[in-house]
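**Student:** One letter stands for each residue in the lines below.
2 protein chains.
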Amino acid sequence: MSTTTTRTARNGVDIPNLFGTINAVREQPEMAKFRFRATNRWVVGTHSRTTIEQFSGAGGEHSHAQTFAYDSDHPAVLVGTDQGPAPVEFLLHAIGACLMAGIANVASARGVTLTSVEARIEGDIDLRGILGLSREVRNGYSQIRVAFSIDGDAPPEKLREIVEQSRARSAVYDVLTNGVDVQVDVAV
Amino acid sequence: MSTTTTRTARNGVDIPNLFGTINAVREQPEMAKFRFRATNRWVVGTHSRTTIEQFSGAGGEHSHAQTFAYDSDHPAVLVGTDQGPAPVEFLLHAIGACLMAGIANVASARGVTLTSVEARIEGDIDLRGILGLSREVRNGYSQIRVAFSIDGDAPPEKLREIVEQSRARSAVYDVLTNGVDVQVDVAV
Numbered sequence: 181m182s183t184t185t186t187r188t189a190r191n192g193v194d195i196p197n198l199f200g201t202i203n204a205v206r207e208q209p210e211m212a213k214f215r216f217r218a219t220n221r222w223v224v225g226t227h228s229r230t231t232i233e234q235f236s237g238a239g240g241e242h243s244h245a246q247t248f249a250y251d252s253d254h255p256a257v258l259v260g261t262d263q264g265p266a267p268v269e270f271l272l273h274a275i276g277a278c279l280m281a282g283i284a285n286v287a288s289a290r291g292v293t294l295t296s297v298e299a300r301i302e303g304d305i306d307l308r309g310i311l312g313l314s315r316e317v318r319n320g321y322s323q324i325r326v327a328f329s330i331d332g333d334a335p336p337e338k339l340r341e342i343v344e345q346s347r348a349r350s351a352v353y354d355v356l357t358n359g360v361d362v363q364v365d366v367a368v
Numbered sequence: 181m182s183t184t185t186t187r188t189a190r191n192g193v194d195i196p197n198l199f200g201t202i203n204a205v206r207e208q209p210e211m212a213k214f215r216f217r218a219t220n221r222w223v224v225g226t227h228s229r230t231t232i233e234q235f236s237g238a239g240g241e242h243s244h245a246q247t248f249a250y251d252s253d254h255p256a257v258l259v260g261t262d263q264g265p266a267p268v269e270f271l272l273h274a275i276g277a278c279l280m281a282g283i284a285n286v287a288s289a290r291g292v293t294l295t296s297v298e299a300r301i302e303g304d305i306d307l308r309g310i311l312g313l314s315r316e317v318r319n320g321y322s323q324i325r326v327a328f329s330i331d332g333d334a335p336p337e338k339l340r341e342i343v344e345q346s347r348a349r350s351a352v353y354d355v356l357t358n359g360v361d362v363q364v365d366v367a368v
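Chains A and B supply the protein sequences, listed in that same order.
Residue numbering for the first sequence follows our numbering, beginning at 181 and increasing consecutively.
Residue numbering for the second sequence follows our numbering, beginning at 181 and increasing consecutively.
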């Protein structure tokens, strides 16, 4: 039975499992408290490496299927060695991936089969901020734009509503647009 | 000569090049305008893949040394297949890596040689927001914490000041704490 369910899951999303999870959290709200973690270690220059391995939530501690590792660096034009994307580029990845996961879940819940979805993401930044050359220029992006191309077995308006519902429920979109308290502590 | 410079660069940061870049931007502010880009493609379910390849800035178009690719997914406990970290986990990577690159640059500019630097990053999130179970709970993190351990040839207070200056000039810290305009468009 479970094989059949998996094989026929629309868009690869296990909707009975998703609704079951939502109902379980409705009955036990403390299951919804998650803590995600990462460790970043300096390598050399602007090159560092992050590992992502464990997180807690749903009342327990969880390990990812593998330890994920990501290098980041500044590009050569910004006096780095380009061993990975710049940290600000990972923000573009995060918003694109978050909206995309939401689109798959929402489309599946609404009975829409997706054919292909692509997001082109770009962010504008004036580096006079981080270089300390202007007090009027902020350090971060002035704007991020996400442009979706989406195909599926629904009329254009319904596909647009799926993207909109994903945006309305996106964790990364909320953090990027509304900001979040970030505490930085140092042990020397 | 350049070999010698590279070999002796404190912390692997080419400070003459960094200061030369800052002075070049001071004289030509339009060099500071950068646009970073990423493309995210849906794979299946909550699994998507982002590629990061090109960006513009310093008056030109640049390609990374290679095309970087990153998978993201939801973990099994959130009805995904764990083909990569969740999008919100990449936010933790971005803030850690951004502060870390700044620490290396600031320490080098101040004549401090670093021995080791590590950041443990964690973020708290109540998933009742994204699951649509509470209007009082936000979709994103309620707080992110970054805990640095830093060693180098400077007294503790000077090492703390280096971290603080990195925070004050961090592009990702600015975006995460102050938020940014995010435009989402759809072509169907």
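These aren't lab readings, by the way, just hints derived from the structure by calculation.
Computed from a predicted structure; not experimentally measured.
In this text, a Cβ means the ideal position worked out from N, Cα and C, and glycines have one as well.
Certain hints may be false.
Only pairs whose alpha carbons sit at most 25 Å apart, straight line, appear in this in silico SDA-like list of lysine to any residue [said to hold, decoys possible]:
id, chain 1, residue 1, chain 2, residue 2
1, B, Lys213, A, Thr357
2, B, Lys338, A, Thr219
3, B, Lys213, A, Leu311
4, B, Lys338, A, Arg325
5, B, Lys213, A, Ser322
6, A, Lys213, B, Asn358
7, A, Lys213, B, Gly359
8, B, Lys338, A, Gly312
9, A, Lys213, B, Arg300
10, B, Lys213, B, Lys338
11, B, Lys213, A, Val317
12, A, Lys338, B, Gly312
13, B, Lys213, A, Glu316
14, A, Lys338, A, Ser322
15, A, Lys338, B, Asp365
16, A, Lys213, B, Ala249
17, B, Lys338, A, Ala256
18, B, Lys213, A, Arg315
19, A, Lys338, B, Val364
20, A, Lys213, B, Lys338
Going by beta-carbon spacing under 10 Å, a handful of chain B positions derived as facing chain A [claimed, not checked]:
id, residue
21, Trp222
22, Arg290
23, Thr357
**Student:** If a hint holds in the structure, say so; if it doesn't, say that too.
**Tutor:** Hints and how they fare:
no., hint, verdict
1, B:Lys213 / A:Thr357, "holds, 21 Å"
2, B:Lys338 / A:Thr219, "holds, 23 Å"
3, B:Lys213 / A:Leu311, "holds, 12 Å"
4, B:Lys338 / A:Arg325, "violated, 39 Å"
5, B:Lys213 / A:Ser322, "holds, 11 Å"
6, A:Lys213 / B:Asn358, "holds, 24 Å"
7, A:Lys213 / B:Gly359, "holds, 23 Å"
8, B:Lys338 / A:Gly312, "holds, 20 Å"
9, A:Lys213 / B:Arg300, "holds, 19 Å"
10, B:Lys213 / B:Lys338, "violated, 32 Å"
11, B:Lys213 / A:Val317, "holds, 11 Å"
12, A:Lys338 / B:Gly312, "holds, 20 Å"
13, B:Lys213 / A:Glu316, "holds, 14 Å"
14, A:Lys338 / A:Ser322, "violated, 31 Å"
15, A:Lys338 / B:Asp365, "holds, 14 Å"
16, A:Lys213 / B:Ala249, "violated, 30 Å"
17, B:Lys338 / A:Ala256, "violated, 28 Å"
18, B:Lys213 / A:Arg315, "holds, 16 Å"
19, A:Lys338 / B:Val364, "holds, 16 Å"
20, A:Lys213 / B:Lys338, "violated, 37 Å"
21, Trp222, "holds, 4 Å"
22, Arg290, "violated, 14 Å"
23, Thr357, "holds, 5 Å"
When held up to the earlier numbered hints, the structure conflicts with 4, 10, 14, 16, 17, 20, 22 and fits the remainder.
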